[in-house]
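Chains as they are written, first to last, in our numbering: chain P, 1 to 674; chain Y, 675 to 1348; chain S, 1349 to 2022.
Quick caveat, the hints were computed from the structure, so don't treat them as lab data.
Hints may contain errors.
[Claimed, not checked] Per label pair, the in silico range of CB-to-CB distance:
hint	chain 1	residue 1	chain 2	residue 2	range
1	P	Leu167	Y	Glu1224	54 to 62 Å
2	Y	Ala858	S	Gly1508	53 to 61 Å
3	S	Asp1583	Y	Gly742	38 to 46 Å
4	P	His211	S	Gln1839	49 to 57 Å
5	S	Asp1768	Y	Asp924	47 to 55 Å
6	S	Gly1776	Y	Pro801	37 to 45 Å
7	S	Gly1411	P	His211	27 to 35 Å
8	P	Gly462	S	Arg1374	38 to 46 Å
9	Y	Glu1224	P	Pro333	53 to 61 Å
10	P	Pro333	Y	Asp1139	42 to 50 Å
11	P	Gly576	S	Asp1423	32 to 40 Å
For glycine and all other residues, C-beta sits at the position ideal for the given N, C-alpha and C.
Next come the chains, spelled out residue by residue.
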Amino acid sequence: MVRHAPIVASVPHLLHGGDYNPDQWRATKDATWKEDMRLARLAGINTLSVGIFSWAALEPEEGRYEFGWLDEVLDLMAENGITAVLATPTGARPGWMSRAYPEVLRVNRDRTRNLHGGRHNHCLSSPVYREKTTAINTALAERYGDHPALGVWHLSNEYGGECHCDLCQERFREHLKGRFASLAELNEAWWTAFWAKTYADWSHIESPSEHWRGEQDIHGLNLEWMRFTTEQFVDFYLHESAPLKALTPDVPRTTNLMGTYPGIDYFRLAQVLDVVSWDSYPEWTGTEKDAERGARASFLHDLTRSLKSRPFMLMESSPSATNWRPVAKLHRPSVHLLQSLQAVAHGSDTVQYFQFRKGRGGSEKFHGAVVDHEGTEHTRVFKDVAEVGERLAALDGVVGTDTPADVAVVYDWHLRWALDDVKGMLQGATGYEATVIEHYRAFWEQGVATDVIDSSLIAEPGRLDRYKILVAPMLYMLRPGAAEAIDAFVQRGGTFVATYATGYVDEHDRTFLGGFPGPLRPTLGVWAEEIDALYPDDRNAIDWDGTAYEARELCELIHAETAETLGTYGADFYAGRPALTVNRRGDGSAYFIAARTGADFLADFYARLVADTGAERALDADLPPGVTAQVRTDGTTDYVFALNFNPTAARIDHPGGVLDLAPFGTAVIERPRT
Amino acid sequence: MVRHAPIVASVPHLLHGGDYNPDQWRATKDATWKEDMRLARLAGINTLSVGIFSWAALEPEEGRYEFGWLDEVLDLMAENGITAVLATPTGARPGWMSRAYPEVLRVNRDRTRNLHGGRHNHCLSSPVYREKTTAINTALAERYGDHPALGVWHLSNEYGGECHCDLCQERFREHLKGRFASLAELNEAWWTAFWAKTYADWSHIESPSEHWRGEQDIHGLNLEWMRFTTEQFVDFYLHESAPLKALTPDVPRTTNLMGTYPGIDYFRLAQVLDVVSWDSYPEWTGTEKDAERGARASFLHDLTRSLKSRPFMLMESSPSATNWRPVAKLHRPSVHLLQSLQAVAHGSDTVQYFQFRKGRGGSEKFHGAVVDHEGTEHTRVFKDVAEVGERLAALDGVVGTDTPADVAVVYDWHLRWALDDVKGMLQGATGYEATVIEHYRAFWEQGVATDVIDSSLIAEPGRLDRYKILVAPMLYMLRPGAAEAIDAFVQRGGTFVATYATGYVDEHDRTFLGGFPGPLRPTLGVWAEEIDALYPDDRNAIDWDGTAYEARELCELIHAETAETLGTYGADFYAGRPALTVNRRGDGSAYFIAARTGADFLADFYARLVADTGAERALDADLPPGVTAQVRTDGTTDYVFALNFNPTAARIDHPGGVLDLAPFGTAVIERPRT
Amino acid sequence: MVRHAPIVASVPHLLHGGDYNPDQWRATKDATWKEDMRLARLAGINTLSVGIFSWAALEPEEGRYEFGWLDEVLDLMAENGITAVLATPTGARPGWMSRAYPEVLRVNRDRTRNLHGGRHNHCLSSPVYREKTTAINTALAERYGDHPALGVWHLSNEYGGECHCDLCQERFREHLKGRFASLAELNEAWWTAFWAKTYADWSHIESPSEHWRGEQDIHGLNLEWMRFTTEQFVDFYLHESAPLKALTPDVPRTTNLMGTYPGIDYFRLAQVLDVVSWDSYPEWTGTEKDAERGARASFLHDLTRSLKSRPFMLMESSPSATNWRPVAKLHRPSVHLLQSLQAVAHGSDTVQYFQFRKGRGGSEKFHGAVVDHEGTEHTRVFKDVAEVGERLAALDGVVGTDTPADVAVVYDWHLRWALDDVKGMLQGATGYEATVIEHYRAFWEQGVATDVIDSSLIAEPGRLDRYKILVAPMLYMLRPGAAEAIDAFVQRGGTFVATYATGYVDEHDRTFLGGFPGPLRPTLGVWAEEIDALYPDDRNAIDWDGTAYEARELCELIHAETAETLGTYGADFYAGRPALTVNRRGDGSAYFIAARTGADFLADFYARLVADTGAERALDADLPPGVTAQVRTDGTTDYVFALNFNPTAARIDHPGGVLDLAPFGTAVIERPRT
Ligand SMILES: [Zn+2]
Ligand SMILES: [Zn+2]
Ligand SMILES: [Zn+2]
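Pulled out of the complex, with its shape left as it was, chain P reads as follows (with noise of 0.2 Å):
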């Protein structure tokens, strides 16, 4: 148990702030600028985030810097002691740069060049968006690196999206002649055998497009230009890192993540971040669904803190209303205090917002901020941040503490890619995300601290010591050293839960030979032979320990081989064959679901392995539906957060006593750690 540094090193708090963007007020700033100041610390906001979107203003013809707006605004901050995340400006270019280099816009998957507009919208091999990024990013450093305010370096915003230009085409052959020692070898990886694929020269190769416009079908070919991707990202982040590594480097870099998103491995990218963060949106309702909305930004959270096992920031949230989401609700009365402390309780030391004060045009008018149009503190929201901001001042403590777990459970890219793109059980609709998290949540439901982790990490020598149970929904697809690092962990006691589509897939996409689940199939102790799929209103039955718990959409048809069967199937023809089984194995234990179950299923199954190995809750409670709690810790002080998901009220009765949660209601308790 460590205590890490803050992440701003002079800064010991939580940090309490969001994106500001004093560029859009330059008519009026006068006024303005100095009235966000007032409103800034009226709210307890010690940092605010610059210059995201702001290559326009800082350069508004190629080569021409203005920087004298943005010296006033960080002048401003340093006075009114908030610290600077400071962004550099290349989430969008200006104008000026799509009209003179036409190569810096992005190629779409059917070939055709974007127009200039939108965001995120330019081409990562291009020598010129380098060259230009390049430029500016030194610029700034130079410029500020000294600068009081900055605490942090915000690199572009939101990374995203692929593009297919030439340039980005011989990039891609460059990466595969990386990955590959000759083309046969890839045309083998590849199975390019089928629908005579093979390639006969490195050239050859495209990278894959849309259904009849161009290649789709080869499995490893996407899933190959997915790694692409993810290394152009890794790639231009440290490109444009290079300048500010070099002038500022003891300012920590980051880029804001966006939880799962599909385009990146962000296991991959957070090797070469300084400190991880991310822009966290849930839906909340208002009902209860909320608590399932609960539980999935909780497993983010918990997914970001993992990629670098330390504290994290949330660089965004909103205070109110996600103009985005088709109906832009607004947050029930105690819903902003509980996603801050929750994102807290889950590992974050910063509690951010998109954004400080709302826009007057443009497609992100209407989002929630902390400063609405009409421009005073009166507001039902600035009053909710400002509690906020009251509440972190109290909790200096939790800086730098850690987030240990007893749990993993495992979500990894490379294995989404695949599933994704399936041809066969329910095609694109194998649920791999939400099933995850539905095992997930059952953890969170006891108060049991979890790890997200994924295939590269469990290979990663060593550190599934940390862990009693290890969680592998729909282990799809074995990378290398994952089956023998797993084994492993059995062998030496761990106790390894792993379901229906597991072992189908190689690294390549390629599917493994004498009988799935492939490589585990000896940890596992059993055959599956083949798997159903089951129409939306289908329905089985797996009948384990007198209940018969429903089972959906995906059932395999197993055989226990060295495995014991606790489980069988309800129905059907496979009825009576096994569903749930364990193979004991050295020390350990590995079980088997066979099929996709409710959550009814998963909590009584994890509650039975959390009791048996001891996995450690937060509350020596059984928490009620919707709650749960969360520790951080120094080792020496735990700092046990309890959150209530509910419309209604929760109590909880532990050891400690009673606490009662009001509806949407948070407790911090501090606690010596035993």
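Given chain P, work out where chains Y and S with the ligands should sit, using these hints.
Just chains Y and S with the ligands, lined up with the frame of chain P:
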């Protein structure tokens, strides 16, 4: 109260007829054309529209005209006493023009140029297209300007769509220079500082494109593009109108509109028309749903009439099935007469059809027509048409009469463009048009005549003086002068009704600062702090006058400032807060309805207002549901049209007697105007 | 009654086997190929299809052939007594060809050219593609023409799609010049006078495009484009067939069809095939829905057989899940045998699969196969296949037997093209194919054998003489000669059944004048004045013989002229008007059903007709629902196949005894033909 001149000076009757395409029947013209005249007369038809889409027949090769067939047709019509609505043929080009001059083909939002095909598929900026238009229109006007059959010029057909070619881009930039004094002013109005969108040069501005493909996030740009598109049609109309005006100054010119077609601001286009005409295709079901369909059709008639505040032409309607609907239902008995008299009741001086004789091929070959493929007068549809002919012939007194209204409902294209584009609330699903019609219907069910006006008319000096009640549902955008005119209207004693989502943005779709409803805050006496969006199944309530009326979709959280609270919310965290208010101001009253309600609330609420203000009802009676009554008058005689949109009989008990209406039945009562 | 020769002269057995892709397993060929032979023999397999999609393996670089691996495979097959269905590889091109000759890539309706990728993605007009095809096919025929394994040529694979490149445009215009004597004739046939579409020059004609993008409103053009596309495939088939025919005149040639795939008129394509083959993938659910699925699969088998009136090949079917379905369900026990015997029952002399060994990569890697990734004979699926092998081996007597039918149901591609394109009634949702199958099913449930023919066969001299009953649901289009042949059939004593939507258009999709059903008006003795379209939930009724049968979707308002009224409408404004009529004409009867009905009406109505006409039933018994019986005969012996498509047992009590069928059970009875 005035009696307007007949549309065709020499024909003091209601016009009855429709689109006629003799050019499709040239192969059998000796038999068919003569038979057409016999059948037309048999059906009581006194007008036929010819030449729509005849360009290929009139100019089969570039520069070679063939007028012989049209000479013959017009002579036949004159001989048979049938007035010609003569069309310019610009609704569709001959193929030779697209081949020789590809510039005439439209360019889409994705910047691809169309192929030849369809119709209405030409660039209005194209010099070639304009030159060809001038030539053919001049030739038509020269040849037929003195023809005895000529009654009305019908320019092109159902203007619509847009073009994004380079020529149009250039014209768009010119349009913008006329709208903004400087690029800086444009940048400020469009709030381009967000997402680095600031324009450094006029030439960088491009028309909106599609999501991801190009620009679509600058709402001011999107809005101005729609204004430009409207001006393109105005300009093109004037262009193709010029030779007609020069050669036949006394022949009225029109182009046929399409109700609330969103692509053109008809209030603007109507300014340049001599007479307004439109194409009405209600979807009748033959069930109790037709009450709602009837209200909607009436709204569209009233809107069309209000464009110029004088009688209009029903240029197209179907005497039977509308072929392009997914379910092309037959008209039930009586429905054809009902929809025809409905148009006249609301101010039409014509009942015209698409089409007279059903074509044998192409995509409209199954659209309802007076004469079917079968070819005789022995069809049900033909008899329905002949009945209408007979009824119209007895209503000469109605020609040119006025339609006085004490109530105006606001429907505004600019506002709609902005609301359709809004990111927030319920995004594209805010239901603006449907909401306006729901408010309209509450008056329609009472037999209260209603104008439909937009912000430009609100701001027109003196315009509001004629109304007792002004209703502006979701007045999201306040264009210059509107708020001032409304406030003056109230101060002078008017009754104004506004709702949630009022006064959010200015004419550039840029939010007002200082609290919504912006400039109307003093008029309405409320501050709208926040707006809650509800999921489709969610419900709240407005408690008013002892009843809990359902509220849904959008609930605004308002503060009554100078206003008095009449009703309050019934549920959720804002239960008890104001939901219905009135602000007594000057001699008038300004009501505010904070949430979307059902028809029950609107019926009760507006019945109260009609009683309070003494707004005129067509009949001094409570009308049964689904029945309306509308008046046309020359100031001396009232023509009261009673219309039953129910599949069941209805009875009206009014001071003049008892009126029994058959299912879908109609009655016209003459009475002295008091 | 004849016995046809076996498809492969030297193999007087039912063929059993499937697609085999040894080229995907060259890396492990020594082990895998030998094991394949062992497993094939174990499963009772006597044929394998090789070389489909092998172009890249056979010609890895332009002009360099590699036949060694195929030599080896064919030798192995010959050694093991396995007949080869040897494919030409034109279903997919190697990548080098697309690179070197982009003209081979298809152009879409939007006129964009595809990238390399997918399969079936080539221009049939391309001279380069045709030249390459000739070269490889010649090389194959030269090398393997005398190979003892060679049994059947399999040309390409599942022909489909279309190309809009300039070469194809030019060929299309040539096709049109062959169809129309002059441009004037084409303009009149296509009714181009509407919307100014008259063509001034052949060169102005372009293929149909998409809505708004280009032309799609000229229905005659759309229709002729489909005819052209069919002729493109006929022509290409003959082109690639030429070297095979020249070098191996005795080896039968086929290409695998796809049931009612809408893109090609299979009645036309079948004319140039030596033997018809098709790929059948019914969606079995394991529930009572399978009765309907079974009827549909039978219909498709009967259609395929009727194309040439002789035994066909079931070229592909799945022994397990069909991977590309949204829900890839496993076959329930017995279902694999059921679907295999079903094919034979309806005239197939083969049972073949896609595929023998499941591939490891690419988009078909989870499609059902005889040998799974697991690799042994110990799977359920392998055992199912082996069981089929055993059963087929016992049915040598069935080879070449005939399938006599007293009933013909009409299914017509040209008609379907027009109905799918119709604007009116229910637009694209008129349900033509489903309706035809509903009528077909009424006979299938009675065990009455049925041919499926189109208008071209109706008009074939003497063709109708073999039938007692001719059923033509929705005979919207009457191609030349069809009405005359039908009338003669009736006059000679036949029983003809027509429905609503009959006789609307001629072969150019141009309506008949003078009253529908056009040329069949005297035959049917009715005039169809109007057709009412119903909303999905609306219902009417046909009152016939004391029962009110449900009517829905489309209700035609007819006048009985010479016909006698048997049933009338039960509701709406046309209650009491004729809904079912019969016209006694010459020695026969022509029935008219005016509305779409449910299966109940069709069952009762056609039972009456079968009884009246004495049409032959396979068993003299009332079959339980979901059970059919079908006969194959050599004139001396009948092979009666009883097939139970229910998940429950069924009993047939017939004069020969009681037959008990297990769930999804089957039985084959031999009996002397009487
Ligand atoms: Zn690129
Ligand atoms: Zn243009
Ligand atoms: Zn082509």
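Is 27 to 35 Å respected by the C-beta to C-beta distance linking glycine 1411(S) and histidine 211(P)? holds, 32 Å
Quick one: are glycine 1776(S) and proline 801(Y) within 37 to 45 Å, going by C-beta? Holds, at about 40 Å.
CB-CB spacing for glutamine 1839(S) and histidine 211(P) relative to the 49 to 57 Å hint: At 52 Å between Cβs, range holds.
State, for the Cβ atoms of glutamate 1224(Y) and proline 333(P), whether the hinted interval 53 to 61 Å holds or is violated. Given range 53 to 61 Å: violated, Cβ gap about 24 Å.
Could you see if the CB distance from aspartate 1583(S) to glycine 742(Y) stays within 38 to 46 Å? holds, 44 Å
Between leucine 167(P) and glutamate 1224(Y), is the Cβ distance one that fits in 54 to 62 Å? holds, 58 Å
Distance restraint evaluation - alanine 858(Y), glycine 1508(S), Cβ atoms, bounds 53 to 61 Å: holds, 58 Å
47 to 55 Å as the expected CB spacing between aspartate 924(Y) and aspartate 1768(S), which holds or is violated: holds, 50 Å
Pairwise beta carbon distance, proline 333(P) to aspartate 1139(Y), judged against the given window 42 to 50 Å: The hinted range 42 to 50 Å holds for proline 333(P) and aspartate 1139(Y), with Cβ atoms some 47 Å apart.
Given the range 32 to 40 Å, decide if the beta-carbon distance of glycine 576(P) to aspartate 1423(S) lies inside it. Since the Cβ atoms of glycine 576(P) and aspartate 1423(S) sit about 47 Å apart, the hinted range of 32 to 40 Å is violated.
Cβ-Cβ distance between glycine 462(P) and arginine 1374(S): within 38 to 46 Å? holds, 41 Å
Violated hints, listed in ascending order, are 9, 11; each of the other numbered hints is respected by the structure.
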